[in-house]
Amino acid sequence: MPVNLQVKPKDSCKYDCISLGEVMLRLDPGEGRIKTARQFRAWEGGGEYNVSRGLRKCFGMNCAVVTAFADNEVGRLVEDFIMQGGVDVSLIKWFPYDGIGRNVRNGLNFTERGYGIRGAVGVSDRANTAASQLKKGDIDWDFIFGTLGSRWLHTGGIYAALSETTPEVVLEAVQAAKKYGTIVSYDLNYRPSLWKGIGGKEKAQEVNKEIAKYIDVMIGNEEDFTACLGFEVEGNDENLKELNLEGYRKMINEVVKTYPNFKVVATTLRTVKSATVNDWSAMCWADGQIYKAKDFKGLEIMDRVGGGDSFASGLVYGLMTTGDPEKAVNYGAAHGALAMTTPGDTSMASLKEVEKVMGGGGARVDR
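Residue numbering for the sequence shown is 12 to 378, as defined by the working numbering.
Heads up, a few of these hints could be off.
Unchecked claim - Under the rule of at most 30 Å between Cα atoms (straight-line distance), these lysine-lysine pairs were calculated in the BS3-like manner:
| id | residue 1 | residue 2 |
| --- | --- | --- |
| 1 | Lys147 | Lys224 |
| 2 | Lys189 | Lys104 |
| 3 | Lys104 | Lys25 |
| 4 | Lys189 | Lys220 |
| 5 | Lys268 | Lys19 |
What the hints assert, rightly or not - What follows is a set of in silico ranges between Cβ atoms, one per label pair, in the way DEER data are often shown:
| id | residue 1 | residue 2 | range |
| --- | --- | --- | --- |
| 6 | Arg202 | Trp105 | 22 to 28 Å |
| 7 | Gly371 | Glu213 | 42 to 48 Å |
| 8 | Ile209 | Ala131 | 20 to 26 Å |
| 9 | Ala131 | Thr333 | 38 to 44 Å |
FYI, nobody ran anything at the bench for these hints, they're computed from the structure. The structure presented is a predicted model; accordingly, all values stated were derived computationally and were not measured. Glycine is no exception: its CB is placed at the ideal position from the N, C-alpha and C atoms.
Starting from the given sequences, assemble the full structure and let the hints guide the process.
Structure below.
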């Protein structure tokens with residue numbers, strides 16, 4: 012049954028989706044370790060941006076990113092990566108660079124993939140970044156949503172955690188989006204390391220509970236809903252993921268009572284067997300019903316970073332194009348699964364491949 016999101020017509024807006032968030036330069040030691048690396052492969056990545064990147068490259072939608080960079084060679088390198096991904100860079104704000112990054116700089120994210128019993132490791136270096144220094148009034152949201160137009164806005168809890176001012180930027184964005192009839196999705200994406208120095212879970216809840224009042228599609232796993240919004244999943248988490256959805260159903264019923272503005276609530280379901288083998292699935296709630304995606308048992312993973320963002324982009328695509336929450340959650344689960352079979356934050360999958368996996372297609376050679 013279609014969910015009533017009332018997405019604006021495609022021909023009424025310049026963009027299908029805009030993401031608000033920080034984009035960092037990801038430095039990847041490949042199969043090795045950060046602490047012993049002698050060379051790194053460079054990528055771009057950021058939790059909110061990855062969603063628009065996936066919508067553009069895999070699903071063919073017209074997307075842009077609202078972010079900020081220090082205007083130096085590193086910032087221009089990340090911009091070049093974004094352009095290669097097909098995402099519009101015209102809404103990026105550029106800050107003058109002071110020569111050493113005392114006042115403003117660009118974020119770095121060192122990421123190693125993990126293997127077997129050795130988990131993935133991420134080391135971010137993002138203090139004083141341009142995106143974290145954006146403040147209320149820096150972005151002309153009336154121009155973006157009122158003049159240019161966007162059918163969808165995606166942002167999330169990573170960006171909201173970066174500084175004292177970024178929650179105000181998120182609130183300003185989601186309020187403007189609602190003013191102009193743009194659908195808003197938000198990934199809670201709780202990261203303890205980001206909140207640790209600014210008030211921990213208490214601050215995370217203060218910020219996210221206010222933002223949640225303006226969200227149509229809320230995304231997060233059980234830890235996210237607990238840490239960011241204060242809801243608990245009853246029982247043993249691992250058993251719930253493996254055996255039933257009753258704990259999630261009860262939690263979501265409480266969530267939507269508190270936030271009746273939520274039209275869809277979605278979560279990934281992951282059981283970690285090792286860094287390279289996970290059980291993977293997803294579910295979403297819409298109009299009082301729970302929809303479960305296909306299970307990917309024993310999914311072999313090359314790089315798990317960005318799997319949740321690729322789930323989100325598939326979910327958004329499905330909701331925008333079909334309105335069917337069951338199809339949407341399966342687009343999301345399949346896209347997330349495929350994204351984790353390739354390196355980097357962002358998806359290398361195609362719509363054809365996603366729909367093949369959704370239809371039960373296997374890994375035989377295509378020739």
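Results for each hint:
1. Proposed proximity of Lys147 and Lys224 is supported: the alpha carbons are some 18 Å apart, at most 30 Å.
2. Our distance criterion of 30 Å between C-alpha atoms is met by Lys189 and Lys104, whose separation comes to about 23 Å.
3. Restraint check: the Cα-Cα separation between Lys104 and Lys25 comes to about 19 Å, which is no more than 30 Å; the hinted pair holds.
4. For the proposed pair Lys189 and Lys220, the alpha carbon gap of about 17 Å is at most 30 Å, so the pair holds.
5. Restraint check: the Cα-Cα separation between Lys268 and Lys19 comes to about 26 Å, which is no more than 30 Å; the hinted pair holds.
6. Range check, Arg202 to Trp105: Cβ separation about 26 Å, and the 22 to 28 Å hint holds.
7. Range check, Gly371 to Glu213: about 46 Å between beta-carbon atoms, so the 42 to 48 Å window is met.
8. Distance hint check for Ile209 and Ala131: the Cβ-Cβ separation is about 25 Å, which falls inside the suggested range of 20 to 26 Å.
9. Between Ala131 and Thr333 the CB atoms are about 33 Å apart, so this pair departs from the stated range of 38 to 44 Å.
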